[in-house]
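Participant: Sequence:
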Amino acid sequence: MNLRDIKKDIEYFVGEFVDDCILFVSANPQQDDNKVSGIIEEAVDLYNDLKDKVNEKVENKKAHFDGIRKEMLEKLDALYERLSETVVAKKKK
80 MNLRDIKKDI EYFVGEFVDD CILFVSANPQ QDDNKVSGII EEAVDLYNDL KDKVNEKVEN
140 KKAHFDGIRK EMLEKLDALY ERLSETVVAK KKK
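Those letters in the sequence shown? Residues 80 to 172, by this note's numbering.
It cannot be assumed that every hint is accurate.
[Unchecked claim] Here are the simulated EDC-like cross-link-like pairs (lysine to aspartate or glutamate), alpha carbons at most 16 Å apart as the crow flies: (1) K130 with D145; (2) K132 with D99; (3) K141 with D88; (4) K132 with E150; (5) K141 with D84; (6) K114 with E164; (7) K149 with D98; (8) K132 with D112; (9) K130 with D84; (10) K86 with D145; (11) K86 with E135; (12) K140 with D98; (13) K132 with D88; (14) K154 with E120; (15) K154 with E90; (16) K130 with D99; (17) K87 with D145; (18) K154 with E121; (19) K149 with D88; (20) K154 with E135; (21) K149 with D84; (22) K114 with E160; (23) K86 with D128; (24) K86 with E150; (25) K114 with D99; (26) K87 with D128; (27) K130 with E90; (28) K86 with D131; (29) K154 with E95; (30) K149 with E120; (31) K87 with D131; (32) K132 with E164; (33) K154 with D128; (34) K130 with E150; (35) K154 with D112.
[What the hints assert, rightly or not] Beta-carbon label-pair distances, calculated as ranges: (36) R161 with N139: 29 to 35 Å; (37) K86 with S163: 25 to 31 Å; (38) E138 with L102: 48 to 54 Å.
Bear in mind the hints are in silico, worked out from the structure with no lab data behind them.
For every residue, glycine included, the Cβ atom is placed at its ideal position computed from N, Cα and C.
Take the sequences, apply the hints, and build the full model.
Facilitator: As structure tokens, this is what we get:
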């Protein structure tokens, strides 16, 4: 894996997550979107943090990028869980 690939992956995966959040808000205008806005803000923070980590100078780039990819997927999974909880809470109302 190289720098260009990891940057593209970060942009794609975090971007898709934000798109999913926006789609939910668009499809549910009556929903209080403060929770989703908070989730989007966390996703943007994650994006910025990951981009900063990618640009760090390290000896073993492969291991560094693998760690960043793992962190990205774990944190995005947690954000998707929070979004899912918001969707389920909306359906119960």
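Participant: Confirm or reject each hint.
Facilitator: For each hint, the structure was consulted:
1. K130 with D145: Between K130 and D145 the Cα gap is close to 14 Å, so the pair holds against 16 Å.
2. K132 with D99: violated (25 Å)
3. K141 with D88: holds (15 Å)
4. K132 with E150: holds (11 Å)
5. K141 with D84: Holds, at roughly 12 Å.
6. K114 with E164: Given that 16 Å is the threshold and the Cα spacing comes to 10 Å, the pair holds.
7. K149 with D98: violated (21 Å)
8. K132 with D112: Violated - the C-alpha atoms of D112 and K132 are around 30 Å apart, more than 16 Å.
9. K130 with D84: Holds, because 12 Å separates the two Cα atoms, which is no more than 16 Å.
10. K86 with D145: holds (12 Å)
11. K86 with E135: holds (13 Å)
12. K140 with D98: Since the Cα atoms of K140 and D98 sit roughly 30 Å apart, the hinted pair is violated (cutoff 16 Å).
13. K132 with D88: holds (14 Å)
14. K154 with E120: Judged against 16 Å, a Cα distance of about 13 Å means the pair holds.
15. K154 with E90: Cα-Cα ~14 Å, so holds.
16. K130 with D99: Given that 16 Å is the threshold and the Cα spacing comes to 21 Å, the pair is violated.
17. K87 with D145: Judged against 16 Å, a Cα distance of about 14 Å means the pair holds.
18. K154 with E121: Satisfied, since the Cα-Cα distance of roughly 10 Å is no more than 16 Å.
19. K149 with D88: holds (12 Å)
20. K154 with E135: violated (20 Å)
21. K149 with D84: holds (14 Å)
22. K114 with E160: Satisfied, since the Cα-Cα distance of roughly 13 Å is no more than 16 Å.
23. K86 with D128: Answer holds: K86 to D128 is near 12 Å, not above 16 Å.
24. K86 with E150: Holds, at about 14 Å.
25. K114 with D99: holds (14 Å)
26. K87 with D128: Answer holds: K87 to D128 is near 15 Å, not above 16 Å.
27. K130 with E90: holds (9 Å)
28. K86 with D131: Since the Cα atoms of K86 and D131 sit roughly 10 Å apart, the hinted pair holds (cutoff 16 Å).
29. K154 with E95: holds (14 Å)
30. K149 with E120: violated (20 Å)
31. K87 with D131: Holds, because 14 Å separates the two Cα atoms, which is no more than 16 Å.
32. K132 with E164: violated (29 Å)
33. K154 with D128: holds (11 Å)
34. K130 with E150: OK: K130 and E150 at ~12 Å, within 16 Å.
35. K154 with D112: violated (21 Å)
36. R161 with N139: 29 to 35 Å: holds (33 Å)
37. K86 with S163: 25 to 31 Å: holds (27 Å)
38. E138 with L102: 48 to 54 Å: violated (41 Å)
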